[in-house]
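Visitor: These protein sequences, in sequence, are chains G and C.
Using this note's numbering, the letters of the first sequence correspond one by one to residues 1 to 282.
Using this note's numbering, the letters of the second sequence correspond one by one to residues 283 to 712.
What the hints contain is simulated information worked out from the structure, not anything from laboratory work.
Just so we're clear, the structure is a prediction, and the values are computed from it rather than from any experiment.
Beta carbons: idealized from backbone N, C-alpha and C, even for Gly.
Please note: incorrect hints may appear among the correct ones.
[As the list claims (entries may be wrong)] Covered stretches of chain C, as calculated for chain G (at least 3 residues, CB under 8 Å):
1. 342–352
2. 427–439
3. 499–511
4. 521–535
[As the list claims (entries may be wrong)] No more than 20 Å apart at the CA atoms, straight line, and that leaves these computed lysine to any residue pairs for SDA-like:
5. C:K677 with G:F246
6. C:K463 with G:I134
7. C:K688 with C:G673
8. C:K463 with G:Q121
9. C:K513 with G:Q138
10. C:K463 with G:G45
11. C:K513 with G:A139
12. C:K688 with G:I134
13. C:K460 with G:G122
14. C:K463 with G:F129
15. C:K463 with G:D52
16. C:K695 with G:S126
17. C:K463 with G:D120
18. C:K513 with G:E144
19. C:K513 with G:F129
20. C:K695 with G:G39
21. C:K688 with G:P146
22. C:K460 with G:P146
23. C:K460 with G:I134
24. C:K688 with G:S126
25. C:K463 with G:G39
26. C:K463 with G:P137
27. C:K513 with G:P146
28. C:K688 with G:Q121
29. C:K688 with G:G122
30. C:K463 with G:E144
31. C:K463 with G:Q138
[Stated by the list, open to error] What follows is a list of derived Cβ distance ranges for each label pair:
32. G:A109 with C:P386: 26 to 36 Å
33. C:P386 with G:Y250: 31 to 41 Å
34. C:K408 with G:A13: 31 to 41 Å
35. G:I101 with C:I323: 19 to 29 Å
36. G:L77 with C:A440: 32 to 42 Å
37. C:E382 with G:P72: 50 to 60 Å
38. G:G132 with C:E342: 26 to 36 Å
39. C:G462 with G:L19: 51 to 61 Å
40. C:I323 with G:L77: 58 to 68 Å
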Amino acid sequence: MREPKALPYLLIAPSALFLTGLFLIPLAQTAVLAFQESGGAWGLGNLRRMTDELNFPDALANTFKVVLLAVPLQLVLALGMTMALRNIRRGRDLLVWVWSIPLGISDLAAGLVWLAILNDQGWLNSALFRLGLIAQPQAWLTYETPAALLAAIVIAEIWRATAIVFVILLAGVQLLPKEYEEAADVFGATPWQRFFRITVPLLKPSIQTALILRTVLAFEMFAMAMALGGRNFPVLVSEAFNAQYFSQDYGVAAAYAVLVMTISVAATVLYLVALRVPAEQR
Amino acid sequence: MTKGPTTRLRHSAVLAALTFAWLATPAAAEVVFLSTQLRPIESAQKLRSEILKDFPGGAEFVTEQPPQLGVHIRAEQQAGKPVSSLIGALHGELQPLAAESLVPLDDVLETLKDRGLNPGMVEAGKLGTTKQMFIPWMQATYIMVANKQALPFLPAGADINALTYDQLAQWGANIQAKTGKRMIGFPAGPTGLMHRFFEGYLYPSYTGGVVTTFKSPDAVAMWTTFRDLWKTVNPNSTNYGFMQEPLLSGDVWIAFDHVARLIDALSRKPDDFVAFPAPSGPKGLGYMPVVAGLAIAKGAPQAEEAKQLIAYLTRPDMQVKTAKAVAFFPVVKVDLPGDIDPGLKLEIDAVQKMTSAKNALVSLLPVGLDQRGGEFDKVYLDTFQRIVLRGEDPKAALDRQGQALKRIIAETKARCWLPDKPSDGPCPVE
């Protein structure tokens, strides 16, 4: 190779250009848009109008409710699934395959599937009716039933996105050396002790990655809330969408985008600090 | 299997080159027809496959969200390379484009003299100028539909064709008392047209205006009454987009919507449903006629073909075909054939009764708001959410939303439109 020094840079140049052109520049433009008033002067007018919006408090609260409920549950579920898989020999591949199916389904399609299950004429209502548990269809997804609506969205989110946490943890578990656990076993540690004292600490880098990815994506949740909740369940991103497309209020839409980004960055930093991985383990 | 990697590579290269060539060629000969109407996929598809397919030379039908139309057209023109030739949009959506982005169509109107175009709509097509800026294309409005199962519950003495809002509320309450279900439905979901109900029906019927009377005492009374009516409305209404769906599934028995969003229920089960005019309030029967027009963009690449397409779309046989396909009604003199779809017949009769009612009060779509139309609609929807869904005090909510309304009107300098009285300068919120 004649240019061994330049080659790596040449190879990453296309992706770097791509990211600069289609990600960094629009990002900067959005930030500019968020802090620019209609006359061109700098200011916080857009942010103020955003916080004054009728649905802003609800959107903020709903977004956090979903993240705080769904992400921990997803982590626990995915850990359980990964651990269960370690003790399965026959049918292991089939199980991995089935558990990963939701990964291949788009948000909106998944939302529509859950809508078909949960609406008034949905499968759940039909099943409960056949079993004689209800006398007439129950509405779960309306503004009158906020708790049921939140539960529906959290369950659907868990169904849809646990797979990505599971896949990351599975990859991490497969790299863990067996020796530590065997040693612990010899010294008489119970399965729970082995899990909490050995497996989980060793898995910390994978857990960190999975949590960052999942949390950032959960803050950006949109299609699921739109499909199941519509106007009844505003989230930050759906309000940004409405400001952009229905109100044509680009400043407010940009303000929402900057807010979502700030929250995501804060969550990432929090994970990086809280789940710090010692250098020798990286 | 016998193909070597080189052959395969060559094939892929040819395929890629062909794809690229296909992408790079502008669909040259076809007129690009940009429309804010017939956006629902089914309607757009019917227009393409049943009406535009026979147009000599072909036409490419592209849809755009109403608030984006102005941005879209101006962006094309500023880029110096316009793509869209024909624009199909509502009267109020074309109005802000008239001054700079449209070409006069007096010559086209001249050739269409014998079509019997509706004179009022032709006049509206001048858009406040001395020239003809759009040619009427099709018309529609909003009506009510009820399942026949609901008819026995009508309040005593009520005439379904001359209903008042109070009687509608009583009707819903009667059904709820007997069946335990809330069977009135409104299209208040994310894709629904609920804002038109407030702008064209409820406000005019109760206050005689839309903007000037926004926070009047009449409006306070109106919202208080409507909040009571809402107690008999199906709570799924905030998810409904097209009322034909819950009507067909039996979720609701009585619904308000755009004729094109009700036609499916009426066509599929004409014997199960009745169509009737919107209710009246103290100030009359407010209703919103919707006129869609055809205009040609300045610098249009296919201006000649676009003119031919206007002549084609306003041909009586095409107007009948359009009505059958997408349930927008003709704007030229036509004799509707005897074999017309019974669902469409129900709608036409209901519209006839509504427009000829003695207390009918025409309300136009917002005029002059351009891309702020979406924010304007949001004022009415937010007011609804505050007062009806969240139970806020009507007066306080109206004062607060009135500020937003004032800001939009002040920034666009929009003058009053019907049913508000004409204003010098921006329409005042009294």
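Visitor: Hint by hint, note whether the structure agrees.
Guide: Checked hints:
{"no.": "1", "hint": "342–352", "in the structure": "holds (count 3)"}
{"no.": "2", "hint": "427–439", "in the structure": "violated (count 0)"}
{"no.": "3", "hint": "499–511", "in the structure": "violated (count 0)"}
{"no.": "4", "hint": "521–535", "in the structure": "holds (count 3)"}
{"no.": "5", "hint": "C:K677 with G:F246", "in the structure": "violated (26 Å)"}
{"no.": "6", "hint": "C:K463 with G:I134", "in the structure": "holds (14 Å)"}
{"no.": "7", "hint": "C:K688 with C:G673", "in the structure": "violated (23 Å)"}
{"no.": "8", "hint": "C:K463 with G:Q121", "in the structure": "holds (14 Å)"}
{"no.": "9", "hint": "C:K513 with G:Q138", "in the structure": "holds (17 Å)"}
{"no.": "10", "hint": "C:K463 with G:G45", "in the structure": "violated (46 Å)"}
{"no.": "11", "hint": "C:K513 with G:A139", "in the structure": "holds (15 Å)"}
{"no.": "12", "hint": "C:K688 with G:I134", "in the structure": "violated (49 Å)"}
{"no.": "13", "hint": "C:K460 with G:G122", "in the structure": "violated (25 Å)"}
{"no.": "14", "hint": "C:K463 with G:F129", "in the structure": "holds (16 Å)"}
{"no.": "15", "hint": "C:K463 with G:D52", "in the structure": "violated (36 Å)"}
{"no.": "16", "hint": "C:K695 with G:S126", "in the structure": "violated (54 Å)"}
{"no.": "17", "hint": "C:K463 with G:D120", "in the structure": "holds (12 Å)"}
{"no.": "18", "hint": "C:K513 with G:E144", "in the structure": "holds (12 Å)"}
{"no.": "19", "hint": "C:K513 with G:F129", "in the structure": "violated (25 Å)"}
{"no.": "20", "hint": "C:K695 with G:G39", "in the structure": "holds (17 Å)"}
{"no.": "21", "hint": "C:K688 with G:P146", "in the structure": "violated (33 Å)"}
{"no.": "22", "hint": "C:K460 with G:P146", "in the structure": "violated (27 Å)"}
{"no.": "23", "hint": "C:K460 with G:I134", "in the structure": "holds (19 Å)"}
{"no.": "24", "hint": "C:K688 with G:S126", "in the structure": "violated (49 Å)"}
{"no.": "25", "hint": "C:K463 with G:G39", "in the structure": "violated (52 Å)"}
{"no.": "26", "hint": "C:K463 with G:P137", "in the structure": "holds (10 Å)"}
{"no.": "27", "hint": "C:K513 with G:P146", "in the structure": "holds (17 Å)"}
{"no.": "28", "hint": "C:K688 with G:Q121", "in the structure": "violated (43 Å)"}
{"no.": "29", "hint": "C:K688 with G:G122", "in the structure": "violated (44 Å)"}
{"no.": "30", "hint": "C:K463 with G:E144", "in the structure": "holds (15 Å)"}
{"no.": "31", "hint": "C:K463 with G:Q138", "in the structure": "holds (11 Å)"}
{"no.": "32", "hint": "G:A109 with C:P386: 26 to 36 Å", "in the structure": "violated (48 Å)"}
{"no.": "33", "hint": "C:P386 with G:Y250: 31 to 41 Å", "in the structure": "holds (32 Å)"}
{"no.": "34", "hint": "C:K408 with G:A13: 31 to 41 Å", "in the structure": "violated (57 Å)"}
{"no.": "35", "hint": "G:I101 with C:I323: 19 to 29 Å", "in the structure": "holds (28 Å)"}
{"no.": "36", "hint": "G:L77 with C:A440: 32 to 42 Å", "in the structure": "violated (56 Å)"}
{"no.": "37", "hint": "C:E382 with G:P72: 50 to 60 Å", "in the structure": "holds (56 Å)"}
{"no.": "38", "hint": "G:G132 with C:E342: 26 to 36 Å", "in the structure": "violated (55 Å)"}
{"no.": "39", "hint": "C:G462 with G:L19: 51 to 61 Å", "in the structure": "holds (58 Å)"}
{"no.": "40", "hint": "C:I323 with G:L77: 58 to 68 Å", "in the structure": "violated (37 Å)"}
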